[in-house]
Amino acid sequence: EAQVTQNPRYLITVTGKKLTVTCSQNMNHEYMSWYRQDPGLGLRQIYYSMNVEVTDKGDVPEGYKVSRKEKRNFPLILESPSPNQTSLYFCASSPTRSYGYTFGSGTRLTVV
Amino acid sequence: SQQGEEDPQALSIQEGENATMNCSYKTSINNLQWYRQNSGRGLVHLILIRSNEREKHSGRLRVTLDTSKKSSSLLITASRAADTASYFCATDERVKGKLIFGQGTELSVKP
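Residue numbers (our numbering), protein chains in the order written: chain A, 1 to 112; chain B, 1001 to 1111.
Hints in this document: simulated from the structure, not taken from any laboratory.
It is possible that some hints are incorrect.
[What the hints assert, rightly or not] Lysine-lysine pairs mimicking DSS-like chemistry, simulated, CA-CA at most 25 Å apart:
| id | chain 1 | residue 1 | chain 2 | residue 2 |
| --- | --- | --- | --- | --- |
| 1 | B | 1098 | A | 57 |
| 2 | B | 1026 | A | 57 |
| 3 | B | 1098 | A | 71 |
| 4 | A | 65 | A | 17 |
Could you build all of it, start to finish, from the sequences and the hints given here?
Okay, structure coming up:
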């Protein structure tokens, strides 16, 4: 089944403890992107990648890192999480710019 | 930066009625997309309209795009209770290639 898989689905962590949210797609898509969704603020783009080793900042990249070493994987790294990074995170992928994105099921992160 | 702004923020209609949602944006775009999200779940791509297209249909969905006014509308005809969800427009910025989402319209369809 064609899909974007995020793990974990739920995560509660403490301030400052490094964490990684994984994202993997099995559709050979070139474009991948991370979003966070917060009430009243909608979806905001964190980082996006147009291909392997090509990444760029979205609108809210502070406090996050990404890497794109292989086409299928696009992990999101929080080096030192803070409570303001508590949010619902989505990974998404697309074959090219001219197609819609396929979204993962989301990761609900709570930082205490 | 939020590209798309949607109107209305919330819409409540009866089953069988049509629902219209509007989206305005600010910069030049490559395409505009509409997505649906059921509560807390992942977004589902509904339809994409390119900047050189004016109207597109998919089943009960009709999308229009007016690049001179930088606006789009999504019409859902003969709505069903299962259409209850949040609907988002997203614009593919021409220069940077980023996909920017609006804040969404919450649609409630009452049986």
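Structure-based check of all given hints:
no., hint, verdict
1, 1098/B with 57/A, "holds (9 Å)"
2, 1026/B with 57/A, "holds (20 Å)"
3, 1098/B with 71/A, "holds (18 Å)"
4, 65/A with 17/A, "holds (14 Å)"
In this structure, every one of the numbered hints holds.
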